Structure formats: C-alpha cells, structure tokens
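Undergrad: Here are the chains, one letter per residue:
2 protein chains.
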Amino acid sequence: MPSRGPDRSAPLGRAIHDRIEALRRLVDEALERELPPETAWPETIHRAVRYSLFAGGKRLRPVLALASGEAVGGDREELMPFACAVEMIHTYSLIHDDLPAMDDDDLRRGKPTSHKVFGEANAILAGDALLTRAFHVLAQVPEAYDGERLRRRFQATALLAEASGSQGLIGGQVVDLESAGREVEEAELERMHRAKTGALIGACVQGGAILGGAGAEPLRHLSRYGRAIGLAFQIVDDVLDATETAESLGKTPGKDLSAGKATYVRLFGLARSRALAQELLAEALAALEPLGEHGELLAGLARLVVERNG
Amino acid sequence: MPSRGPDRSAPLGRAIHDRIEALRRLVDEALERELPPETAWPETIHRAVRYSLFAGGKRLRPVLALASGEAVGGDREELMPFACAVEMIHTYSLIHDDLPAMDDDDLRRGKPTSHKVFGEANAILAGDALLTRAFHVLAQVPEAYDGERLRRRFQATALLAEASGSQGLIGGQVVDLESAGREVEEAELERMHRAKTGALIGACVQGGAILGGAGAEPLRHLSRYGRAIGLAFQIVDDVLDATETAESLGKTPGKDLSAGKATYVRLFGLARSRALAQELLAEALAALEPLGEHGELLAGLARLVVERNG
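Protein chains in written order, with numbering that gives the first Met the number 0: chain L, 0 to 309; chain V, 0 to 309.
Keep in mind that a hint or two might mislead.
Here are the computed lysine-lysine pairs in the DSSO-like style, where the Cα-Cα straight-line distance is at most 30 Å [what the hints assert, rightly or not]:
1) Lys-115(L) / Lys-57(L)
2) Lys-260(L) / Lys-110(L)
3) Lys-115(V) / Lys-115(L)
4) Lys-260(L) / Lys-115(V)
5) Lys-110(L) / Lys-254(L)
6) Lys-115(V) / Lys-57(V)
7) Lys-115(L) / Lys-260(L)
8) Lys-115(V) / Lys-260(V)
9) Lys-254(V) / Lys-110(V)
10) Lys-57(V) / Lys-115(L)
11) Lys-254(V) / Lys-115(V)
12) Lys-254(L) / Lys-115(V)
13) Lys-115(L) / Lys-254(V)
14) Lys-110(L) / Lys-57(L)
15) Lys-57(L) / Lys-260(L)
Since the hints were derived computationally from the structure, they do not count as laboratory data.
Given the structure is predicted, the values throughout are model-derived calculations rather than measurements.
All chains should be built: construct the whole structure from the sequences, respecting the hints.
TA: Listed below in structure tokens is the structure:
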C-alpha cells in the first residue's frame with residue numbers, strides 16, 4: 000500500500016496505476032453496453048462507430064470524470080453515463096478532425112483512421128452518431144431519480160454541451176484550422192488550446208464533481224484543477240507532436256509543425272513549453288491540496304497527463 | 000373564421016395558414032435567442048451556423064412540435080426549446096447531407112450550400128455545432144421546473160436523440176448512400192425512408208405531446224399521426240425530386256434519380272407514389288379524429304406536408 004497522504008513528488012505509484020486501470024476497464028464495459036451491437040441495422044454505421052470507440056483509447060477523460068465525482072463522494076453508477084458520453088464526444092471529435100477536409104490524418108491510435116477504412120461519408124456519419132449517442136445516453140435517466148439528481152444530470156449535460164460546442168471544442172478546431180501559416184500571439188494560442196482541448200477536459204472534471212454532489216468549495220478547487228490540466232494536456236500534445244515517433248503516438252507526428260499550425264512549441268520552443276506544462280501540473284496539484292487524500296487519484300491523473308509519451 | 004369542426008376536405012383555410020405563420024415567426028425569434036451572435040468568437044463558425052439556420056427554412060418540424068404539444072394543452076414556453084432543438088438537428092443534417100462526400104449538393108433553399116460558402120471543414124463543423132447546440136438548448140432548464148417537468152424534458156430529449164441517431168436519421172442516410180445503383184425492395188425502402196425522415200418528424204410530434212403532458216391515449220393517436228406524415232413527407236420528397244424545378248424546390252432536382260438512389264418514384268412510379276402519400280394523409284387525419292377541434296392545426300400541417308410543391 001502507498002502512504003495515505005498524497006505524495007506529489009513520487010512517480011505514479013502502483014496502487015494509483017491499478018485504480019486507473021480498474022476504472023478504464025469499467026468504462027470499456029459501460030461503453031460496450033451503451034452502444035447498439037455491431038449487427039444492428041444498418042451495420043456499416045455501427046461497425047464504424049465501434050471501430051473508433053474501441054481503438055485502444057486511454058479513456059483519460061471518462062476516468063477523470065469518475066475520479067472527480069468519486070473524490071467528492073459521488074456514486075459511480077450516477078457518474079458512468081456522463082463518463083461514457085464524454086468519451087463518445089472525444090472520439091467523434093477525433094474522427095472529424097482526422098477527415099481529409101480537416102487535418103487529413105491517416106493514422107490514429109496506431110490504426111488507419113475512420114475515413115480510410117469506411118470512406119469519408121461514413122466517417123462523418125460515425126462522428127455524428129457518436130455525438131448524438133452521447134446525449135442519448137445522458138437523456139436516459141433511471142425511474143428512481145428524484146428532482147435533485149435530474150437537475151444535476153441536466154447541469155452536467157449543459158456543461159458538456161457548452162465545452163463541446165461552437166465556443167469550446169468546435170470553436171477551437173475552427174481557429175486551429177485558421178491558424179495554419181499565420182502568426183499567432185500567446186493570448187490567442189492559449190484561448191485556442193483552452194477551447195480545443197481544455198474545455199472538454201475541464202468539463203469532465205467539473206461535470207463529474209457536479210454529478211458527485213460537490214459543494215461550492217470543492218467544486219471551485221476541482222474546476223481550477225481541471226482548467227490547469229486541460230491546458231497542460233494540449234501543451235504536452237504540442238511537445239509530443241514535435242518529439243515523438245508515429246509508433247509511440249499512434250498518429251502521424253510533426254503534422255502541426257509542418258502545416259504551420261500555431262503550437263506552444265512553435266511559439267516558445269521545447270524547453271519553455273515543457274516548463275509551462277510543469278507549472279500547470281504544480282497548479283493542478285496545488286488546487287487538490289484542500290481535498291487531502293481524496294485528491295490522490297486526481298493527482299496521479301494530472302501527472303499522467305503531463306508525463307505521458309503518447 | 001373557419002368552421003370549428005375539422006373540415007378535412009377543404010383547402011388549407013386562412014385561419015390555419017395564419018396560425019402556422021405565427022408559430023413560424025415565434026420559432027424564428029426563439030432560434031435567434033438560442034444561438035450565440037454572429038460576432039461571437041470564433042466568428043467563422045457562428046456565421047456558418049446562422050447562414051444555414053436562417054436560410055428560409057419552412058420550420059415545419061418545430062411547428063409540428065408546438066402544434067402537437069398545444070393540441071394536448073401544453074405550455075408554449077416549455078415546448079419552445081424542444082422546437083428549436085429539432086430545427087437545429089434538421090439543419091445540421093442538411094449541411095452534412097449536402098457535403099461533397101455525401102450527396103454533393105451545391106444548392107439548398109435556393110442558396111449555395113454551406114461548404115460552397117465556408118469550405119468543407121467549416122461546413123462539417125457548423126453541422127457539428129448545430130447538433131451540439133440542440134442538446135445544449137434542451138439541457139438548460141428553468142430553476143422553477145419540478146421533477147415531473149424535468150423528467151418530461153429528458154423523455155423528449157431521449158426520443159429526439161434516438162430519432163436522430165444511428166438507427167434513425169443517421170442510419171437512414173447511411174442506407175440511402177448505400178442504395179445508389181442497387182435494387183431495393185419495398186420493405187427496405189420504407190425502412191430507410193422512415194429512418195431518414197420519418198423518425199425525426201415522428202419525434203417532433205411525439206416529443207411535443209410528451210412535453211405537453213399528453214396522457215396515454217392522445218399520445219397513441221399523435222404517435223400514429225406522426226408516423227403517417229413522417230413517411231408521407233419522404234414520399235412527397237421523392238415525387239418532387241422527380242417533377243419540380245430547382246426554382247420551386249430551392250435545391251437541385253432529379254439528383255436521387257440520376258444517382259440511381261432508391262426512391263418511391265423509382266420503385267412504384269409517380270402515380271402510385273402520389274396515391275400512397277394520399278393514403279398516408281388519410282391515415283394521419285383519421286388518427287386525429289379523437290382529438291376533435293384540438294387536432295385542427297395538425298390536420299392543416301398534414302395537408303401542407305402532402306400538398307406542398309417545394
């Protein structure tokens with residue numbers, strides 16, 4: 000057993016690693032239940048949806064949602080539909096971002112991208128189906144839920160929709176595409192990264208906390224944590240795009256740089272980008288302090304975000 | 000004033016026409032409120048979203064939702080977010096269906112399609128944004144709502160998500176694309192049409208009724224009505240595609256036939272297709288009988304669906 004206090008300097012402990020793995024497996028099982036089978040009519044779309052959703056994603060976002068909700072005493076069954084919805088939205092965004100009209104990527108998670116396997120039309124529709132399914136999952140509420148639980152579900156759903164919408168994930172992608180070959184200043188770059196990646200990661204943490212019944216104070220701390228790791232995630236992505244191989248990333252590296260996209264590495268160089276990510280990690284860990292040992296798993300996840308290599 | 004009883008053989012009366020127009024205007028005003036302004040960051044996506052949403056659509060689906068809910072005594076304010084969501088989903092589906100990778104259409108509602116104006120990437124993202132916004136609108140519930148109203152909102156949202164999903168609208172589009180150049184039998188064609196068009200129209204009527212607080216009996220009648228006009232709508236679309244000009248349709252006619260798509264006209268010819276649509280109109284009107292004068296507006300809308308020329 001690890002020490003009970005959150006030892007923030009240690010490498011990811013075995014116990015934390017095992018807890019993350021256990022949550023990942025639960026998310027995979029829940030996702031399996033939340034989708035129509037591959038044989039459902041029409042088969043093409045269900046094969047395409049499952050191909051991308053079960054392509055070996057790390058399930059970081061749903062695990063963050065579960066960990067955040069459980070850190071404030073939430074009920075796993077109440078959190079799981081939200082966790083599934085978050086992963087569906089993340090996966091849809093990858094399918095659409097990879098399309099020829101967007102980032103034109105052939106490789107994702109070490110496999111050919113959706114449009115390479117199923118064609119462009121089906122890839123667009125598979126993304127649409129995952130986005131729609133995410134909200135379908137959230138809209139199916141148990142008979143036994145009282146008004147308070149129903150209201151919490153709506154709040155988390157609204158947060159998720161906002162983070163995924165035209166001023167969040169979608170808006171970030173629009174600006175990302177427009178940034179190609181253009182000089183972008185720090186404030187604009189941060190805004191773009193926060194929208195493209197940070198908003199959804201932040202919504203995972205915040206939505207999980209709301210579903211977990213967090214009071215105002217813990218919610219504030221968790222929101223600060225989510226905001227910090229959300230931006231850190233994208234900065235690390237920029238670093239990995241510039242330094243890693245296709246094998247470790249499971250996607251084509253160097254694409255952002257060669258496309259002249261605005262990235263932290265382009266603006267600040269590698270060393271400063273890495274330092275910024277470490278600063279955000281410290282900020283995230285500081286935000287968890289008031290949660291004591293309840294913040295342990297989230298602290299481990301923050302380190303995973305910043306110290307990953309793929 | 001028209002006679003109070005539903006005179007089902009008369010042409011669309013002036014009073015019914017005026018009621019439909021009034022609802023259309025209210026829907027337009029509500030849609031205006033439910034979207035970020037065109038100047039919101041990032042502007043491109045908000046311009047693209049508004050370009051398609053305010054391109055002169057007939058607002059049939061939201062008006063159906065309002066009429067259905069009001070037919071059972073529902074509250075217009077409770078119905079309006081659902082009506083807006085339905086129109087946003089309909090508009091997103093048109094933007095994506097028109098993409099080069101799908102039906103490759105240059106013209107919609109008499110204007111250049113979204114990808115012609117904003118490029119493919121932004122058109123895909125504008126569709127994504129509208130789909131996401133639809134569920135965002137539904138997830139924002141008034142503070143004052145009690146458990147029953149919250150539950151109704153979830154039920155209508157789930158219905159809408161199902162109708163729009165991989166076994167509804169999206170599934171129908173998948174099969175429609177796969178039908179090009181292939182022989183399709185009546186049962187498969189009907190299933191495809193019901194998924195592609197019927198499901199969403201049915202969900203408008205059923206969701207409106209649920210939000211209006213319909214009891215089991217009226218809900219059954221209205222569901223039957225929605226099912227009939229949903230299929231009728233797509234059959235009439237097939238007829239118009241084969242007979243009308245680009246000017247009256249506002250989109251390129253003859254595309255389904257020239258692409259070898261499965262349509263009622265291709266399978267049954269024009270006369271039999273028109274007769275089928277009339278049979279479905281009679282079925283829809285019969286379903287409204289038990290509602291008496293409360294069904295008047297819905298009867299008018301059914302006639303509008305079958306007797307439109309664009």
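Undergrad: Now tell me, hint by hint, if it's right for this structure.
TA: Hint check:
1. Lys-115(L) / Lys-57(L): holds, 22 Å
2. Lys-260(L) / Lys-110(L): holds, 24 Å
3. Lys-115(V) / Lys-115(L): With Cα atoms ~24 Å apart, Lys-115(V) and Lys-115(L) stay inside 30 Å; holds.
4. Lys-260(L) / Lys-115(V): OK: Lys-260(L) and Lys-115(V) at ~24 Å, within 30 Å.
5. Lys-110(L) / Lys-254(L): holds, 17 Å
6. Lys-115(V) / Lys-57(V): holds, 22 Å
7. Lys-115(L) / Lys-260(L): Holds - the C-alpha atoms of Lys-260(L) and Lys-115(L) are around 23 Å apart, at most 30 Å.
8. Lys-115(V) / Lys-260(V): holds, 23 Å
9. Lys-254(V) / Lys-110(V): With Cα atoms ~17 Å apart, Lys-254(V) and Lys-110(V) stay inside 30 Å; holds.
10. Lys-57(V) / Lys-115(L): Judged against 30 Å, a Cα distance of about 37 Å means the pair is violated.
11. Lys-254(V) / Lys-115(V): holds, 18 Å
12. Lys-254(L) / Lys-115(V): holds, 26 Å
13. Lys-115(L) / Lys-254(V): This hinted pair holds, its Cα atoms lying about 26 Å apart.
14. Lys-110(L) / Lys-57(L): The given pair, whose Cα atoms are some 14 Å apart, holds under the 30 Å limit.
15. Lys-57(L) / Lys-260(L): holds, 25 Å
Figure legend: structure checked against the earlier numbered hints; the only hint not met is number 10.
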